Amino acid sequence: MLGKRPSTQAVLDQEQRALDDSISDAQPLWQPSETKARKNIETLLLERTHITEEQLAQAKSVQSQTPGKSIAQILLTMNAASEAQILSALAETQGLTFETPERASVDPNAFGLLPPEYIRKHFVLPVRFIDGVLVVAMSDPTNIFLLDEVKRKLRGRAVKVVVATNADINRVVESMTSQAVDMKVDEIIKDMAEDDVQLVKDIEKEDDVTDLAKMGNESPIIRFVNYLIFDAIKQGASDIHIEPKEKQLKIRYRIDGVLFEAMNPPHNMHAAIVSRMKIMANLDIAERRLPQDGRIRTVVHGRKIDLRMSTLPTANGEKVVMRILDNRSINVALEDLGFSENALTIWKRQIEEPHGILLVTGPTGSGKTTTLYSSLRCMDGNKLNIST
Numbered sequence: 000m001l002g003k004r005p006s007t008q009a010v011l012d013q014e015q016r017a018l019d020d021s022i023s024d025a026q027p028l029w030q031p032s033e034t035k036a037r038k039n040i041e042t043l044l045l046e047r048t049h050i051t052e053e054q055l056a057q058a059k060s061v062q063s064q065t066p067g068k069s070i071a072q073i074l075l076t077m078n079a080a081s082e083a084q085i086l087s088a089l090a091e092t093q094g095l096t097f098e099t100p101e102r103a104s105v106d107p108n109a110f111g112l113l114p115p116e117y118i119r120k121h122f123v124l125p126v127r128f129i130d131g132v133l134v135v136a137m138s139d140p141t142n143i144f145l146l147d148e149v150k151r152k153l154r155g156r157a158v159k160v161v162v163a164t165n166a167d168i169n170r171v172v173e174s175m176t177s178q179a180v181d182m183k184v185d186e187i188i189k190d191m192a193e194d195d196v197q198l199v200k201d202i203e204k205e206d207d208v209t210d211l212a213k214m215g216n217e218s219p220i221i222r223f224v225n226y227l228i229f230d231a232i233k234q235g236a237s238d239i240h241i242e243p244k245e246k247q248l249k250i251r252y253r254i255d256g257v258l259f260e261a262m263n264p265p266h267n268m269h270a271a272i273v274s275r276m277k278i279m280a281n282l283d284i285a286e287r288r289l290p291q292d293g294r295i296r297t298v299v300h301g302r303k304i305d306l307r308m309s310t311l312p313t314a315n316g317e318k319v320v321m322r323i324l325d326n327r328s329i330n331v332a333l334e335d336l337g338f339s340e341n342a343l344t345i346w347k348r349q350i351e352e353p354h355g356i357l358l359v360t361g362p363t364g365s366g367k368t369t370t371l372y373s374s375l376r377c378m379d380g381n382k383l384n385i386s387t
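The sequence shown finishes on residue 387 if you use numbering that gives the first Met the number 0, and the numbering steps up by one all the way, no holes.
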């Protein structure tokens with residue numbers, strides 16, 4: 000004889016108990032090093048004689064007037080203790096390890112998981128992998144919102160947090176990113192195929208297409224500039240910035256509206272790089288005191304790419320900005336641009352008017368060109384005379 004079937008409520012209660020058990024067994028982001036109650040940061044700093052009772056009393060007085068600040072932040076502002084002393088104590092209160100990361104101990108594969116600009120801004124440094132777990136150094140392990148954001152950027156990787164000072168994180172980032180200064184041009188572009196970038200002098204004459212990569216043996220600068228264009232397009236950049244500083248040359252890409260440092264070639268390459276770009280854009284290489292604007296047309300892996308180039312004289316030399324216009328990126332249907340249904344209806348009605356003018360405005364990279372080309376594709380070219 001079959002047993003009595005449990006009620007629906009009994010089943011739900013059983014599932015809830017199982018869920019509660021699974022939550023209680025879940026592993027936190029980091030495990031405390033000791034299960035016993037840990038001392039607070041004030042007690043640790045006093046025991047280690049890093050601060051005095053008077054300094055602690057003063058810090059608590061300040062905290063009562065500025066409740067948004069922690070004791071650690073106030074003590075650091077007061078210079079009562081060093082950043083390393085305070086963060087070492089903070090790490091112990093959280094059951095974490097305090098580390099002093101060095102360039103040699105950082106895995107380049109781990110470091111490359113976050114952009115250098117992001118690491119500098121938030122003081123979050125991917126250090127190394129241990130049994131598939133990514134060790135990340137942070138200066139503020141109590142910032143759970145930043146921690147969640149970092150995990151999203153790392154696409155859900157298992158993470159172990161350690162604590163490090165802002166100064167140490169900055170030092171490692173500068174050391175890691177400055178490696179490009181010593182890299183030879185041939186090493187930078189060694190993986191570049193000969194037909195990766197082609198310069199189109201006249202887009203209407205196929206015979207005028209010049210394979211730039213085949214000219215690599217004639218000048219390392221030509222190959223280097225080709226690499227810049229190729230690499231920026233490969234990374235989805237909208238702009239290339241060549242920025243001469245007093246003692247260094249900085250090259251940055253704009254990706255998703257944010258500038259990221261790509262490399263720092265030797266400063267003495269600046270004049271040659273700018274001259275090569277001017278030749279490509281048919282600009283006057285002798286004119287360095289006035290701004291110039293030009294255009295470069297290239298073919299990268301069969302894709303036609305337009306580059307709008309502008310130069311601007313600065314105290315340290317000419318600054319160059321190259322805007323990348325990829326025809327493929329503007330091949331988007333009007334319905335896919337994110338318009339609300341009502342706004343899309345109004346816009347379509349406006350572009351169908353027989354006369355008038357429409358202005359599309361917005362900051363760099365906001366989608367003005369894409370909107371205009373998508374709108375043109377909605378119009379009947381057989382009945383209209385369209386010029387672009």
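Heads up, a few of these hints could be off.
As the list claims (entries may be wrong) - 25 Å max Cα-Cα, derived SDA-like pairs, lysine to any residue:
hint, residue 1, residue 2
1, Lys233, Lys347
2, Lys152, Lys244
3, Lys120, Glu101
4, Lys347, Val320
5, Lys68, Phe110
6, Lys244, Val298
7, Lys244, Pro312
8, Lys68, Glu41
In short, the hints are calculated from the structure, not lab data. The structure displayed is predicted, hence computed values, not measured ones.
>> Check the structure against each numbered hint from earlier and tell me which ones fail, lowest number first.
In response: 1, 2, 4, 5 and 6
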